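Line by line, the protein sequences are chains R and A. FYI, the working numbering numbers position 80 of the first sequence as 95, with every residue one higher than the one before it. FYI, the working numbering numbers position 224 of the second sequence as 266, with every residue one higher than the one before it.
One should not assume that every hint holds.
[Said to hold, decoys possible] Restraint-style ranges between C-beta atoms, simulated for each label pair:
#, chain 1, residue 1, chain 2, residue 2, range
1, A, ALA217, R, SER184, 39 to 49 Å
2, R, VAL120, A, ASP105, 29 to 39 Å
3, A, ARG70, R, VAL176, 40 to 50 Å
4, A, GLU180, R, PRO123, 24 to 34 Å
5, A, LEU133, R, ASP315, 15 to 25 Å
6, A, GLU262, R, ILE112, 43 to 53 Å
7, A, SER99, R, SER184, 34 to 44 Å
[Claimed, not checked] Some residues of chain R that are not near chain A, with every Cβ distance over 10 Å (derived):
#, residue
8, ALA25
9, LEU36
10, SER92
11, PRO116
12, GLN134
13, ILE163
14, GLY189
15, ARG232
16, TYR235
17, PHE271
18, GLY292
19, PHE298
20, ALA301
21, GLN304
Hints are computed from structural coordinates only; laboratory data are not their basis. All values derive from a computational prediction rather than experimental measurement. Cβ atoms here follow ideal geometry from the backbone N, Cα and C, with glycine treated the same way.
Chain by chain, the residues:
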Amino acid sequence: MSRALPTLLAAAAIVAFMACLPLWGDDPIIAVGINLLAWMALSASWLVFSGLTGYISLGHAVFYGIGAYVTALLWLSVPMWASVAAGGVAAALLALIAGYPCLRVRGPYFVMLTFGLSQFVKFVVIEIETALQIGGRLIIGAPPIEIIYWLFLAMATAAVVLLAVIRYSRFGSGLRAIQSDEVAAETIGVPTVKYKVVAFAISAIIPGLVGGIMLMRSGYLEPDTIFDPTVPLTMICIAVIGGGNTPATALLGSLFLVGLSETLWVRFPLVYMILLGCLLITFVLAVPQGLLGLLAPLRDRLESRGAK
Amino acid sequence: MALLEVQKVTKSFGGLNAIDNVSFSVERGELIGLIGANGAGKTTLFSVIAGNLKPTSGDIRLDGQSIANLPPFRVSQLGIARTFQIVRPFLAMTVEENVEIAALFGRAQQGGVQARLEAEEIIKAVGLASLKGRRASELTLGAHKRLEVARAIATQPHVLMLDEVMAGLTPTEVAEACEIIARLRRELNLTVLLVEHVMAAVMRLAERIIVIHHGVKIAEGAPNEIIRDPRVIEAYLGAGFEHARPA
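This is chain R alone, in the form it adopts within the complex (with noise of 0.2 Å):
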């Protein structure tokens, strides 16, 4: 407990430092930052499933996804708000039909049927576009970067907060108890069913309002790439270069995933993918307990010297 008011200011600073950044920023800076803040709200989201149950998510793709589609469906024919909002609450639903069956299996078996689910909405969605013959639908009227970037942080902000919130809370002490052995923590009074699928849908809203923010920022709706599998495989690069479940990984991930693509891109353009590649390789096989592991015999010196 010692450590939880310094930490709750450094989050405000940070916090504060990033609502600032559009006031002096030029639009390439707001760029990078709705990039990273992206980033943190999607992989804090996804950590708050995956990262606590064990149950490796492929499939946040389809919340990001079905969160921009239900958006650009309603724009304009309801407050802007409202249809975001709404691409949330569409995203927390699919969650919680698709939960129940799909978080029966365990292993490479779920992590195969949020793949297929991922897969099935993005072919649904494109017959039902292409039925319609609308080839893309154009989203006029947005709200300017500024605010765009505001709603980002709102996003990264609230994925972080839920997440802390979550993993200290008796619930996150049951998903972790599901992680580390799922029939030792039914047998201990676990409701193990209930609290996964519960998890897989609050861990799908954020990406579903993020997925719908994004669509404005783009300013067109496409069906492949609103469902772009790289998508959740970027959530778990995070997760892994981060190391752990917490905030920390959500912020150092997203961080140091943006920066090295942002360096990359603007000093080797050509190559940089690759270059990202083989840094991604490398890191996983150098530090397999993430930058959090690597931060941790920094983090207990400091606290031992706070202690004496």
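Knowing the structure of chain R, use the given hints to seat chain A on it.
Here is chain A on its own, set in the frame of chain R:
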């Protein structure tokens, strides 16, 4: 009314009856020993009572209420706890966290602060106090068995089922374990089902013994009757060894 009633329970796996029409009842506060050779079906019986496995037929009643088709978490909330013969600690968590989580759930349903306090008490009671900050993955088998007991107790059960918690312990440790079980039982007013191969412990602790052989209950009675029972001797040693029975 008996606290726990097992009524004609059968559990079959692909035509093989792991438990075959077993019935018995347990009075409140009793300590019953369940013995039988390896593979006799004792652990399967525990799994069926705890809800980890559904019985093929028959019924199980706790305080008169049928629990035969409830999921394990409901059975735990109603007050039945079990340990696992092949231990299942939450390896990545500390001893403290392992026990604390059990106190948050089960029948206990404690709040965070209360759960921490109770976990501490229980850890002390099973003799793990010096290891409470250690990760479960760092412990020895003996400590894992104690942790299994601690976690089961933290759920505040009425009925505690202990599955070979003394296997592999030295005679000194067995004596200590017996003492812990007897004390916990007295202090927490527990009803205990004890599966054990260490006969010295069963003889010392149990008021009644049930013998299971190939899934069938072949004998039930007071410990000193059971060890003289020809059917039990035959089941353990094979026919023709009646001369080996104690005088």
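We went through each hint and held it up to the structure:
no. : hint                            : verdict
1   : A:ALA217 / R:SER184: 39 to 49 Å : 42 Å, holds
2   : R:VAL120 / A:ASP105: 29 to 39 Å : 35 Å, holds
3   : A:ARG70 / R:VAL176: 40 to 50 Å  : 47 Å, holds
4   : A:GLU180 / R:PRO123: 24 to 34 Å : 29 Å, holds
5   : A:LEU133 / R:ASP315: 15 to 25 Å : 22 Å, holds
6   : A:GLU262 / R:ILE112: 43 to 53 Å : 50 Å, holds
7   : A:SER99 / R:SER184: 34 to 44 Å  : 41 Å, holds
8   : ALA25                           : 24 Å, holds
9   : LEU36                           : 37 Å, holds
10  : SER92                           : 44 Å, holds
11  : PRO116                          : 17 Å, holds
12  : GLN134                          : 32 Å, holds
13  : ILE163                          : 39 Å, holds
14  : GLY189                          : 7 Å, violated
15  : ARG232                          : 39 Å, holds
16  : TYR235                          : 45 Å, holds
17  : PHE271                          : 24 Å, holds
18  : GLY292                          : 30 Å, holds
19  : PHE298                          : 22 Å, holds
20  : ALA301                          : 22 Å, holds
21  : GLN304                          : 13 Å, holds
In summary, the structure is inconsistent with hint 14 from the numbered list given earlier, while agreeing with all the others.
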